[in-house]
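Those protein sequences? They're chains B, V and Y, same order as listed. Letter by letter, the first sequence follows residues 1 to 301 of the numbering used here. Letter by letter, the second sequence follows residues 1 to 109 of the numbering used here. Letter by letter, the third sequence follows residues 1 to 233 of the numbering used here.
Since the hints were derived computationally from the structure, they do not count as laboratory data. Be aware that a few hints might be false.
Covered by chain B, according to a simulated footprint, are these stretches of chain Y (three or more residues, beta-carbon under 8 Å) [to be verified]:
{"hint": "1", "stretch": "50-61"}
{"hint": "2", "stretch": "84-98"}
{"hint": "3", "stretch": "115-129"}
{"hint": "4", "stretch": "149-159"}
{"hint": "5", "stretch": "178-184"}
{"hint": "6", "stretch": "210-220"}
Distance windows between CB atoms, simulated [as the list claims (entries may be wrong)]:
{"hint": "7", "chain 1": "B", "residue 1": "Thr7", "chain 2": "V", "residue 2": "Ala98", "range": "21 to 27 Å"}
{"hint": "8", "chain 1": "B", "residue 1": "Leu257", "chain 2": "Y", "residue 2": "Met1", "range": "29 to 35 Å"}
{"hint": "9", "chain 1": "B", "residue 1": "Asp236", "chain 2": "Y", "residue 2": "Arg198", "range": "42 to 48 Å"}
{"hint": "10", "chain 1": "B", "residue 1": "Glu279", "chain 2": "Y", "residue 2": "Lys155", "range": "32 to 38 Å"}
{"hint": "11", "chain 1": "B", "residue 1": "Pro240", "chain 2": "V", "residue 2": "Leu95", "range": "48 to 54 Å"}
{"hint": "12", "chain 1": "Y", "residue 1": "Arg106", "chain 2": "B", "residue 2": "Gly189", "range": "41 to 47 Å"}
{"hint": "13", "chain 1": "B", "residue 1": "Thr7", "chain 2": "V", "residue 2": "Ile62", "range": "36 to 42 Å"}
{"hint": "14", "chain 1": "Y", "residue 1": "Met1", "chain 2": "V", "residue 2": "Pro90", "range": "57 to 63 Å"}
{"hint": "15", "chain 1": "V", "residue 1": "Pro15", "chain 2": "Y", "residue 2": "Arg220", "range": "38 to 44 Å"}
{"hint": "16", "chain 1": "Y", "residue 1": "Asp191", "chain 2": "B", "residue 2": "Gly214", "range": "46 to 52 Å"}
{"hint": "17", "chain 1": "Y", "residue 1": "Arg163", "chain 2": "B", "residue 2": "Ala264", "range": "39 to 45 Å"}
{"hint": "18", "chain 1": "V", "residue 1": "Ser33", "chain 2": "Y", "residue 2": "Gly108", "range": "46 to 52 Å"}
{"hint": "19", "chain 1": "B", "residue 1": "Gln280", "chain 2": "V", "residue 2": "Ile62", "range": "48 to 54 Å"}
We put the beta carbon where it would ideally sit given N, CA and C, even for glycine.
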Amino acid sequence: MSLRPTTVTSYAECSARQRLALLLDAGSFHEWLPPAERVTSPHLAQLGLPCAFDDGVAVGRAALEGRSVFVAAQEGAFMGGGVGEVHGAKLVGMLRRAVRDRPDAVLLLAESGGVRLHEANAGLIAVSEVMRALLDVRASGMPVVVLIGGANGCFGGMGIVAACADHIVMSDVGRHAMSGPEVIEASGGVEEFDARDRSLVWRTTGGKHRYLLGDCDQLVDDDVQAFRAAATRALDQRRPLTLTALEAEHRLLSARLAAAHDEADAFELWRRLGITHPEQVPDRSVRDIGVWVASRRKEVA
Amino acid sequence: MSMAPGVDVLDFELPGSKAVAAFEPILVGVVGSGNLEVLLEPQSTPTCRFQVETSARGFGAIWEAVVRDFQQRHSLSGVQVSIHDMGATPAVVALRLAQAIAELPRAQP
Amino acid sequence: MNWRELCRALFGDRHDVTEDDELLRGSAHFDGDLLDVLGTTGHAAIGYAMALRQARAVLDTIATHPGRTIVLLIDTQGQRLRRHDELLGIHRAMAHLGSAIDLARRRGHRVLGLVYDQALSGGFITTGLLADACHALPNAEIRVMRLPAMARVTKLPQELLERLSVANPVFAPGVENYLRMGGLASLWQGDLAQALRRSLAELPTEDRRAQDGAERGGRRLAAATVQRILDAA
Chain B
1 MSLRPTTVTS
11 YAECSARQRL
21 ALLLDAGSFH
31 EWLPPAERVT
41 SPHLAQLGLP
51 CAFDDGVAVG
61 RAALEGRSVF
71 VAAQEGAFMG
81 GGVGEVHGAK
91 LVGMLRRAVR
101 DRPDAVLLLA
111 ESGGVRLHEA
121 NAGLIAVSEV
131 MRALLDVRAS
141 GMPVVVLIGG
151 ANGCFGGMGI
161 VAACADHIVM
171 SDVGRHAMSG
181 PEVIEASGGV
191 EEFDARDRSL
201 VWRTTGGKHR
211 YLLGDCDQLV
221 DDDVQAFRAA
231 ATRALDQRRP
241 LTLTALEAEH
251 RLLSARLAAA
261 HDEADAFELW
271 RRLGITHPEQ
281 VPDRSVRDIG
291 VWVASRRKEV
301 A
Chain V
1 MSMAPGVDVL
11 DFELPGSKAV
21 AAFEPILVGV
31 VGSGNLEVLL
41 EPQSTPTCRF
51 QVETSARGFG
61 AIWEAVVRDF
71 QQRHSLSGVQ
81 VSIHDMGATP
91 AVVALRLAQA
101 IAELPRAQP
Chain Y
1 MNWRELCRAL
11 FGDRHDVTED
21 DELLRGSAHF
31 DGDLLDVLGT
41 TGHAAIGYAM
51 ALRQARAVLD
61 TIATHPGRTI
71 VLLIDTQGQR
81 LRRHDELLGI
91 HRAMAHLGSA
101 IDLARRRGHR
111 VLGLVYDQAL
121 SGGFITTGLL
131 ADACHALPNA
141 EIRVMRLPAM
151 ARVTKLPQEL
161 LERLSVANPV
171 FAPGVENYLR
181 MGGLASLWQG
191 DLAQALRRSL
201 AELPTEDRRA
211 QDGAERGGRR
221 LAAATVQRIL
231 DAA
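Please construct the entire structure, taking both the sequences and the accompanying hints into account.
Pasting the structure below:
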């Protein structure tokens with residue numbers, strides 16, 4: 001067996017379709033409402049914007065290591081991955097079909113600013129329909145796995161949708177939060193959040209921070225194959241939504257709030273988690289962060 | 001050229017001689033700022049049809065030049081090229097078109 | 001109409017809803033049943049803490065009042081815009097609140113939302129918009145974002161957005177548009193107690209909003225697109 005170094009393909013730099021092609025079993029993706037069917041947004045032309053043949057999301061069924069999955073991949077480059085009427089309906093359709101057809105899992109390659117403001121009201125209602133449909137999938141016994149690794153991150157209503165999943169995989173390039181830094185800066189000024197301070201933005205919303213906090217389940221490098229492996233591991237990791245589970249989540253989130261001291265920055269929060277040199281976290285490899293978290297989990301257990 | 005409110009919609013149809021074997025629709029590119037997506041589909045007439053929807057208005061003459069240049073080089077027959085554009089430069093347009101036709105099956109003899 | 005007047009109109013003096021730092025909580029007698037009431041007032045900004053406070057109330061209802069209907073009274077300026085809330089994971093707190101409401105519905109609690117003053121996107125996306133149905137008072141305000149901010153973020157001229165707002169339900173803020181698009185089940189006119197009675201009787205068990213949007217003409221593609229995916233090969 002020859003040991004050739006494999007080239008790493010950046011997940012962040014791939015389009016949604018490239019991610020699907022490289023992450024799923026080769027040739028297994030069967031798309032519903034493919035581009036040629038032209039199910040596009042009726043709301044964009046009046047704003048002087050071109051539409052996209054797939055309205056920024058590809059949905060369909062596929063295989064992952066031979067397991068059946070239903071999948072959606074959002075295209076962050078089109079309208080920031082924002083959810084409009086058609087885009088949202090494609091997600092809802094895929095999720096409702098999952099409840100009916102029962103694949104092994106649902107996979108969501110999320111990259112979105114949330115509600116597509118250009119379709120305002122339709123987008124907001126659509127996002128909540130997606131949320132309900134996702135929770136229906138979980139309630140019917142299938143895991144929903146979300147991958148977050150695009151340059152645009154996963155924000156707004158989609159940030160909440162993604163947090164409703166069983167399992168979240170992030171890369172250190174990915175970001176997961178609610179309001180984007182620009183929106184917070186526009187509202188509260190640069191002292192509240194300097195949106196141009198990339199290091200600050202990633203400390204606050206990026207994959208490493210989320211993983212250290214426990215907001216995501218796996219942290220991987222910006223590598224499509226790493227995401228594939230992580231998604232495969234996640235296929236059997238359901239978190240049933242019971243009252244017991246929600247009470248445990250409530251205790252966790254309440255404890256986090258109680259321990260919070262209005263800290264100015266993630267550094268202080270990481271220090272309180274037990275990291276002796278929090279200022280080194282941004283430069284540490286994903287692997288090092290993973291090793292540290294694993295060792296902490298053993299300590300706590 | 002029709003003036004849909006907000007975006008330019010341009011249609012061209014040019015004769016071509018090189019028929020292509022049957023193919024599934026081909027999509028390349030993404031509609032983002034300075035970018036475009038190109039969809040190739042088979043169609044029944046011995047021409048190459050182009051439809052362009054673009055947010056960059058008033059560039060009809062440039063699109064025509066790009067399209068004529070493309071068809072002069074490739075002389076496609078029985079192909080429909082549909083484009084959604086958000087202000088790509090002619091160089092990027094040419095690149096996407098080249099990427100798209102690179103995925104066409106070999107022409108019939 | 002403030003929350004006190006609203007509760008009086010709905011329940012007379014047969015309720016014990018109180019306000020504690022912008023959170024409304026209590027129970028009410030209605031048509032021989034007890035309801036749990038949960039909501040916000042003062043155009044509350046929903047931050048990490050407020051999301052948890054609401055989730056706690058929903059979990060308490062599930063744990064201690066099996067089968068009891070929950071009425072959500074909504075008045076919010078939207079999500080809290082603070083770096084610290086993002087740092088702590090406000091998105092996760094919001095998802096937790098939404099999951100709690102969803103669990104309540106699955107455990108047989110009917111959940112009805114009423115926007116009685118304001119509702120802006122993140123402030124009610126995991127409450128009213130996850131209820132079995134959401135209603136509104138006719139002079140309530142519902143919007144995703146104020147137009148100047150929307151113009152800034154989209155880089156579209158405000159005048160264009162204002163012009164489109166006049167006739168287009170997709171932009172125009174307003175309860176009539178949300179009704180037309182299926183986001184709201186109805187507007188409560190006249191006798192509010194009677195409207196509550198009717199709304200409770202008509203609470204759907206499935207998400208009817210895309211269908212309503214199609215029937216009312218405000219969202220003509222959503223339901224059809226969902227159906228096409230269900231029917232696709």
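Here is how each hint holds up against the structure:
With 4 residues having a Cβ less than 8 Å from any Cβ of chain B, the stretch 50-61 of chain Y passes the three-residue criterion, so the hint holds. With a threshold of 8 Å between beta carbons, the proposed coverage of the stretch 84-98 of chain Y by chain B holds, since 14 of its residues qualify and at least three are required. Note: the stretch 115-129 of chain Y has 5 residues with beta-carbon separation from chain B under 8 Å; the three-residue rule is met and the coverage holds. A count of 6 residues in the stretch 149-159 of chain Y with a Cβ less than 8 Å from any Cβ of chain B is obtained; the coverage claim is therefore met, three being the minimum.
As drawn, the stretch 178-184 of chain Y meets chain B at 4 residues by the rule of a beta-carbon pair under 8 Å; at three or more, the given contact holds. Figure legend: the stretch 210-220 of chain Y, annotated as covered by chain B; annotation consistent (4 residues with Cβ-Cβ distances under 8 Å, at least 3 required). Range check, B/Thr7 to V/Ala98: Cβ separation about 23 Å, and the 21 to 27 Å hint holds. Our hint of 29 to 35 Å for B/Leu257 and Y/Met1 holds, since their Cβ atoms are close to 32 Å apart.
At roughly 46 Å, the beta-carbon separation of B/Asp236 and Y/Arg198 lies within the given 42 to 48 Å, and the hint holds. Taken as a hint, the range 32 to 38 Å holds for the pair B/Glu279 and Y/Lys155, whose Cβ atoms sit roughly 36 Å apart. In this structure the hint that B/Pro240 and V/Leu95 lie 48 to 54 Å apart at CB holds, the actual value being about 49 Å. In this structure the hint that Y/Arg106 and B/Gly189 lie 41 to 47 Å apart at CB holds, the actual value being about 42 Å.
The hint said 36 to 42 Å for the Cβ distance between B/Thr7 and V/Ile62, and at roughly 37 Å that hint holds. Between Y/Met1 and V/Pro90 the Cβ separation comes to about 60 Å, which falls inside the hinted range of 57 to 63 Å. A beta carbon spacing of about 39 Å between V/Pro15 and Y/Arg220 agrees with the range 38 to 44 Å that was offered as a hint. For the hinted restraint 46 to 52 Å between Y/Asp191 and B/Gly214, the CB-CB distance of approximately 49 Å keeps it satisfied.
The hinted range of 39 to 45 Å is satisfied by Y/Arg163 and B/Ala264, whose Cβ atoms lie roughly 43 Å apart. Under the hint 46 to 52 Å, the C-beta atoms of V/Ser33 and Y/Gly108, about 49 Å apart, fit the expected range. At about 52 Å, the CB distance of B/Gln280 to V/Ile62 agrees with the hint of 48 to 54 Å.
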